[in-house]
Amino acid sequence: GNSVTQMEGPVTLSEEAFLTINCTYTATGYPSLFWYVQYPGEGLQLLLKATKADDKGSNKGFEATYRKETTSFHLEKGSVQVSDSAVYFCALVANTGGFKTIFGAGTRLFVKA
Amino acid sequence: EPEVTQTPSHQVTQMGQEVILRCVPISNHLYFYWYRQILGQKVEFLVSFYNNEISEKSEIFDDQFSVERPDGSNFTLKIRSTKLEDSAMYFCASSVSGQQETQYFGPGTRLLVL
Numbered sequence: 001g002n003s004v005t006q007m008e009g010p011v012t013l014s015e016e017a018f019l020t021i022n023c024t025y026t027a028t029g030y031p032s033l034f035w036y037v038q039y040p041g042e043g044l045q046l047l048l049k050a051t052k053a054d055d056k057g058s059n060k061g062f063e064a065t066y067r068k069e070t071t072s073f074h075l076e077k078g079s080v081q082v083s084d085s086a087v088y089f090c091a092l093v094a095n096t097g098g099f100k101t102i103f104g105a106g107t108r109l110f111v112k113a
Numbered sequence: 001e002p003e004v005t006q007t008p009s010h011q012v013t014q015m016g017q018e019v020i021l022r023c024v025p026i027s028n029h030l031y032f033y034w035y036r037q038i039l040g041q042k043v044e045f046l047v048s049f050y051n052n053e054i055s056e057k058s059e060i061f062d063d064q065f066s067v068e069r070p071d072g073s074n075f076t077l078k079i080r081s082t083k084l085e086d087s088a089m090y091f092c093a094s095s096v097s098g099q100q101e102t103q104y105f106g107p108g109t110r111l112l113v114l
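For the protein sequence lines, the chains are A and B, in the order given.
Under the numbering used here, the first sequence has 94 at position 94, and the numbering climbs by one with no breaks.
Under the numbering used here, the second sequence has 107 at position 107, and the numbering climbs by one with no breaks.
Please keep in mind that the hints were generated in silico from the structure rather than gathered at the bench.
Just so it is clear, CB atoms sit at the ideal spot from N, CA and C, and this is done for glycine as well.
The reader is advised that the hints may include incorrect statements.
What follows is a list of derived Cβ distance ranges for each label pair [claimed, not checked]:
1. B:Val12 <-> A:Thr20: 38 to 44 angstroms
2. A:Asp54 <-> B:Val12: 18 to 24 angstroms
3. B:Leu84 <-> A:Gln45: 28 to 34 angstroms
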């Protein structure tokens, strides 16, 4: 079945450090891939997406590239801020009807000043 | 910017009671979803809904769950007889025709069953 695996957290970084959160997926066909962010006490916010191979999604300094050959969609940011502290979820939607989103377990990021 | 809204933000109920969780999707969206997140666990799909019918449901979505679009703006999840294990954060989401895969989530309702 379809699934998403992302690196376990928590990840603790100092402000201005480089961030990578690894995400790999298993899916039939060509899924759409997403990163969602959940700030403390809030709901899920769409951060970025990519719908086909080699697409790069980007938003608020975050980027992720859809790599079909490695079935990966790693999240990166060049310089994190304290305000980026949150839980990040990698997710996929398999375009086989129904459009249910399948989420990874989430990775908690702490950024220290 | 349009948002999905959910009410209530928190609900405490006794085991065996019925609860109704409410959602107002984004106004031009036609596809609606419910997900839940048990504390410390993954976000799990419950059900998708389009054109007044369930499109897909998970094995979690058993006979105690139902969904309804009672009017042109609300989308509800009813749990008929709550169990302790129904305690979770419930998220509503919606998406627009042509981009169904891109779902916008509400802030969630935290349900506690005692």
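**Request:** Provide an ascending list of the numbers of those earlier hints which the structure does not satisfy.
**Result:** Violated hint: only 2; rest satisfied.
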